[in-house]
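Enquirer: Chain by chain, the residues run as shown.
There are 2 protein chains.
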Amino acid sequence: MCTRIDGAKVAKDIRENLKEEVERMELKEDDVKPGLAIVLVGNRTDSATYVRFKKKACDEIGIVNIDVHLDETVSEEEVLSTVRSLNEDQRVHGILIQLPLPSHISEERVLREVSLEKDVDGFHPFHIGQLSMKRSLSSICLPCTPKGCIRLLDEYGIELEGKHVVILGRSNIVGLPVALLALHSNATITICHSRTKDLPSITRQADILICAVGRTQMVKADWVKDGVVIIDVGINELVDPSKKRGYRLVGDVDSSVEEKASAMTPVPGGVGPMTIAMLCENLLAAYQRSLK
Amino acid sequence: MCTRIDGAKVAKDIRENLKEEVERMELKEDDVKPGLAIVLVGNRTDSATYVRFKKKACDEIGIVNIDVHLDETVSEEEVLSTVRSLNEDQRVHGILIQLPLPSHISEERVLREVSLEKDVDGFHPFHIGQLSMKRSLSSICLPCTPKGCIRLLDEYGIELEGKHVVILGRSNIVGLPVALLALHSNATITICHSRTKDLPSITRQADILICAVGRTQMVKADWVKDGVVIIDVGINELVDPSKKRGYRLVGDVDSSVEEKASAMTPVPGGVGPMTIAMLCENLLAAYQRSLK
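Residue numbers (the numbering used here), protein chains in the order written: chain A, 1 to 292; chain B, 293 to 584.
Derived from the structure by calculation, the hints contain no laboratory data.
Because the structure is a prediction, the values reported are computed rather than measured.
Be aware that a few hints might be false.
Claimed, not checked - No farther apart than 30 angstroms at their CA atoms in a straight line, the calculated lysine-lysine pairs in the DSS-like style are these:
id : chain 1 : residue 1 : chain 2 : residue 2
1  : A       : Lys197    : B       : Lys517
2  : A       : Lys12     : A       : Lys28
3  : B       : Lys325    : B       : Lys304
4  : A       : Lys197    : B       : Lys552
5  : A       : Lys197    : B       : Lys426
6  : A       : Lys260    : B       : Lys325
Full structure from sequences and hints, please.
Expert: Written as structure tokens, this is what we have:
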């Protein structure tokens, strides 16, 4: 029997708690409200969708959105100067740079321009360094998707200590930071990627398998051992003529794995909603710190 | 036949090259020479020994030492203010904080006080973040021991790409950063530590095993597979009445492993000398950057 790790439900509960937290603040008309600036560059459909979801969650909770939509052809200097003015803006407690940026703009330079106080995505090198070294983790924002993965395990009472956690993918946004968080929770970690040889022989050792490579249903039932816990971060479009839009969303893990897994996140409705809930949580924490 | 990975020899060659590099600068009497400040707090014998080795290497190469020896009972604020004045000191191109610091002083706070330009140990959170995210690695100093480990493999023509590298130990100084460097060289990495279950079953999978736990001869022959490459970072004292000082230095790996390994670093004379050579290399790179 495979437990469905219901990220949508957990995320909804978190958002409701955050909404209550904002209500308890009893903010007056003139008070500065928690504010999130979302910087979107260009017109990627997926990015626009993610931004819409994030804004919706903010609205529900009582977080003010400060929208910044820049043209695809904007210069790097203009993006940097936008970030600098948001750093100064008293209404803004968190700055989210929707990734990926167009290729002519250095993500590295843009992300390190965000002030440490407003880095609600936790992607500033200083924060990734603190995360790597397990330092002052309670006073910084952790990257939202990795934090959401670990929170889901926690909510379902799945211990990390002493477990062998195998991570597929080594991106700066998911694979690497989630591996570090698992390590700091005393898991043994293995990070695999496109150059890994005989991948199934490694994934079969996983007590917990975290998949974040973005390859449609890559992980099959014979890639895992009985009782494995699966966190599927992948969100891939699979052609499906029966759907109105012509495709459906699937993860990196094939549904056949359910037969062997003890617990597994669905796609959609698993990690995705958690990312947004963690963003809102980070924003409110940054707001609270700004009041001190 | 097990190849001896001769760190002492590789390090000597590197130091000689660095010495020639300094000579080629043809510095005049009035010119600012490359300068390394070494901050030693307290009277640990091992720390004093390491500092002596580092100073000797600097002297040989033509790096000026600025010695700062603080009392065991110094306050954290005094250490921080010492670091701040070294940050301003034009003679100083690198600041080395000899670790560990006495327990009443926060290493975290001291290390992040070192200016980014003078962080020749690469321990500032910003630099560890850059390292984690594989960003601008050519323009920052990488932590000396991890860099030395990878350099040794490189010198002996041992490829990392596609290899399974198992790291024993997850310290911020060695285990974690060396794992990240191996990952960035396209190795599959597994990080093990004191909470890892059935350690030998994991170490036996290693193509390359990097040991940095500081436990005397812990890794035995039946913990590894035939042909493994061993990088032994451990430096442990083993009682030996036949020695004048009553002990000899041994690594984390038992000498019986030589029968199965294809290549292995000795202790002493393996990674140790490389750490110092990498420090000198980092210092000269920081000096060169300061001239631009």
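Enquirer: Does lysine 552 of chain B sit within 30 angstroms of lysine 197 of chain A, going by the straight-line distance between their CA atoms?
Expert: Holds, at about 22 angstroms.
Enquirer: Just to be careful, I want the Cα atoms of lysine 197 of chain A and lysine 426 of chain B compared with a cutoff of 30 angstroms; is the pair within it?
Expert: 22 angstroms, holds
Enquirer: When you check the alpha-carbon spacing of lysine 12 of chain A and lysine 28 of chain A, does it fall within 30 angstroms?
Expert: 26 angstroms, holds
Enquirer: Check the hint pairing lysine 325 of chain B with lysine 304 of chain B against an upper bound of 30 angstroms on the C-alpha distance.
Expert: 22 angstroms, holds
Enquirer: Given the hint that lysine 260 of chain A pairs with lysine 325 of chain B, test it: the Cα-Cα distance must not exceed 30 angstroms.
Expert: 65 angstroms, violated
Enquirer: Could you grab the alpha-carbon distance between lysine 197 of chain A and lysine 517 of chain B and see if it respects the 30 angstroms cut-off?
Expert: 17 angstroms, holds
This entry does not satisfy hint 6, going by the numbered hints stated previously; all others are met.
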